[in-house]
Structures are given as structure tokens and as C-alpha cells.
Amino acid sequence: KAGVTQTPRYLIKTRGQQVTLSCSPISGHRSVSWYQQTPGQGLQFLFEYFSETQRNKGNFPGRFSGRQFSNSRSEMNVSTLELGDSALYLCASSLDASNNEQFFGPGTRLTVL
Amino acid sequence: AQSVTQLDSQVPVFEEAPVELRCNYSSSVSVYLFWYVQYPNQGLQLLLKYLSGSTLVKGINGFEAEFNKSQTSFHLRKPSVHISDTAEYFCAVSGRTGGYQKVTFGIGTKLQVIP
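Top line first, the protein sequences correspond to chains A and B. FYI, our numbering numbers position 46 of the first sequence as 50, with every residue one higher than the one before it. FYI, our numbering numbers position 15 of the second sequence as 23, with every residue one higher than the one before it.
Hints are computed from structural coordinates only; laboratory data are not their basis. Computed from a predicted structure; not experimentally measured. Quick reminder that beta carbons are idealized off the backbone N, C-alpha and C, glycines included. Hints should not be assumed to be uniformly reliable.
Said to hold, decoys possible - So the derived list for chain A, only partly shown, Cβ under 10 Å to chain B, looks like this:
hint, residue
1, Val8
2, Thr11
3, Pro12
4, His33
5, Gln41
6, Gln45
7, Gly46
8, Phe49
9, Asn60
10, Phe64
11, Phe68
12, Phe73
13, Leu92
14, Cys95
15, Leu99
16, Gln106
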């Protein structure tokens with residue numbers, strides 16, 4: 005079974021731009037969660053989708069948004085990028101709503117200049 | 009609310025020595041507990057998990073952890089580390105909050121194995 009894939013792996017943007025990151029979960033997994041990872045902050049939860057519905061949202065501004073498609077693939081969007089948005093964005097999928105085990109993708113490294 | 013505290017941000021240890029990475033959690037509901045490992049430029053990989061049953065959990069790469077409910081701890085141990093264990097380790101707790109299962113991660117512990 006293929007693992008969680010994230011595209012692109014690396015991205016460089018400038019302040020004010022917007023960006024869309026993509027995540028394809030493991031086949032059959034219906035839950036997708038997004039995390040922002042920065043040095044010193046660890047993993048900060050962004051949001052979680054299950055069956056195309058956002059079930060949970062972390063404490064991030066409205067510039068951060070996401071969606072999930074019928075095939076469980078998910079995208080997250082960040083608008084009006086700020087320098088502080090530079091981070092590794094990780095996507096994790098799990099089989100169902102229990103989140104008993106999450107499988108992580110390799111992440112997208114976003115650099116905002 | 010639930011939280012996870014990893015007491016050590018960095019742990020240096022000599023090769024073949026034992027290691028313990030500490031994790032304490034706080035939650036008002038019963039929880040599941042996890043340890044993940046992250047190698048440079050990679051995502052997180054599950055090392056082990058506690059869902060129920062025996063409080064001593066064995067994982068991959070020779071790691072094990074013990075769930076101690078009274079001390080709300082889930083410390084990770086390995087009797088003899090290898091250079092390849094150099095990585096960042098994350099403790100996580102999953103508990104039911106607001107009708108949904110929520111996962112909270114600790115800030116991570118960097119394990120540096122010294123030859």
C-alpha cells in the first residue's frame with residue numbers, strides 16, 4: 005500500500021502570496037489531519053477532515069483553510085503569506101474517526117521570503 | 009483540555025548506553041498514548057502506542073514504553089541505543105474532546121547518540 009503523499013515537497017514564496025498544499029492519504033483512509041511544525045513549537049494542529057467535513061480546527065487565523073474531496077484527498081491553503089508561516093506542513097491520515105493511529109506524509113517545507 | 013509535556017528538549021547519550029525519554033500528559037478523559045520518531049527531512053513514524061491492556065508496550069527498533077496512570081506518564085526507553093537512533097521523538101495523547109478524538113503532541117525530544 006502506498007503511504008501518505010504530499011506535494012510539493014518544497015516551496016518558496018514571498019510575503020503576501022498564497023499557497024496550496026496537497027495531501028493524498030493512504031488508500032481507504034478517510035480522516036486527514038494537518039499540522040504545522042516549527043523549531044521550538046513542535047507540531048501545532050491546524051485542522052482535521054473526515055468524509056469531506058472539517059471536524060476540528062486548531063488556533064490558527066482564517067488565512068489558513070482546507071478542504072477534503074470525495075476521494076479523501078485534502079488540500080490546505082494559506083493566503084497572504086507571512087514570514088512566520090515558514091514551516092514544515094505535515095499531513096496525517098487515519099483509517100477512521102478514532103484517530104488511534106496516524107500515518108504521516110513526508111511534509112511540505114514552505115519558506116516565505 | 010489535554011496537554012503533553014516532554015521534559016527534555018535534548019538528550020545526549022553514548023552509543024550502547026540505555027536511554028529514557030520522558031513524557032507526562034494531562035487529560036480529564038481516558039486517553040490513548042503514542043510515541044513517534046522523526047528522522048531529518050522526513051515525516052513522523054509511529055514507534056509504539058498504548059490503547060488498552062498491558063501497560064508495558066513494545067514497539068519497533070527495540071523501544072518500549074510504560075503507561076503509568078497514577079503518574080500520568082508514558083516514558084520511552086531503550087536498553088542500548090545505536091547511532092541510527094539519532095532523531096527527534098514526539099509523545100502524543102489522543103482523547104475525546106467535544107465529541108471528537110483530538111490528538112495533542114509534545115514539543116519533541118532530540119536524541120543525540122554519541123559514538
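Right, here's what the structure says about each hint:
A least Cβ separation of about 7 Å between Val8 of chain A and chain B falls short of the 10 Å threshold, and the interface hint therefore holds. Hint on Thr11 of chain A is violated. Least Cβ distance to chain B is approximately 13 Å, over the 10 Å limit. Interface hint status for Pro12 of chain A: violated, as the beta-carbon distance to the closest one in chain B is roughly 14 Å, over 10 Å. About 14 Å separates the beta-carbon of His33 of chain A from the nearest beta-carbon of chain B, more than 10 Å, and the hint is not met.
The interface hint given for Gln41 of chain A holds, since its Cβ lies 9 Å from the closest Cβ of chain B, which is under the 10 Å cut-off. For the restraint placing Gln45 of chain A at the interface with chain B, the shortest Cβ-Cβ distance is roughly 7 Å, inside the 10 Å limit, so the hint holds. At its closest, the beta carbon of Gly46 of chain A sits 4 Å from a beta carbon of chain B; the interface hint therefore holds under the 10 Å criterion. A distance limit of 10 Å between C-beta atoms decides the matter here; for Phe49 of chain A the minimum to chain B is near 7 Å, and the interface restraint holds.
A hinted interface residue such as Asn60 of chain A counts as satisfied when its beta carbon comes closer than 10 Å to some beta carbon of chain B; here the least separation is about 6 Å, so the hint holds. Checking Phe64 of chain A against chain B by beta carbon gives a least distance of about 15 Å; that is not within 10 Å, so the hint is violated. Among the interface hints, the one on Phe68 of chain A is violated; its C-beta lies about 17 Å from the nearest C-beta in chain B, farther than the 10 Å criterion. Residue-level restraint check for Phe73 of chain A is violated (minimum Cβ-Cβ distance to chain B is 21 Å; threshold 10 Å).
Taking 10 Å as the C-beta contact cut-off toward chain B, the hint placing Leu92 of chain A at the interface holds, the least distance being around 9 Å. Among the interface hints, the one on Cys95 of chain A holds; its C-beta lies about 8 Å from the nearest C-beta in chain B, closer than the 10 Å criterion. The restraint placing Leu99 of chain A at the interface with chain B is violated, with a minimum CB-CB distance near 12 Å, outside the 10 Å limit. Residue-level restraint check for Gln106 of chain A holds (minimum Cβ-Cβ distance to chain B is 7 Å; threshold 10 Å).
Going down the numbered hints, you'll see the structure goes against 2, 3, 4, 10, 11, 12, 15, while the others check out.
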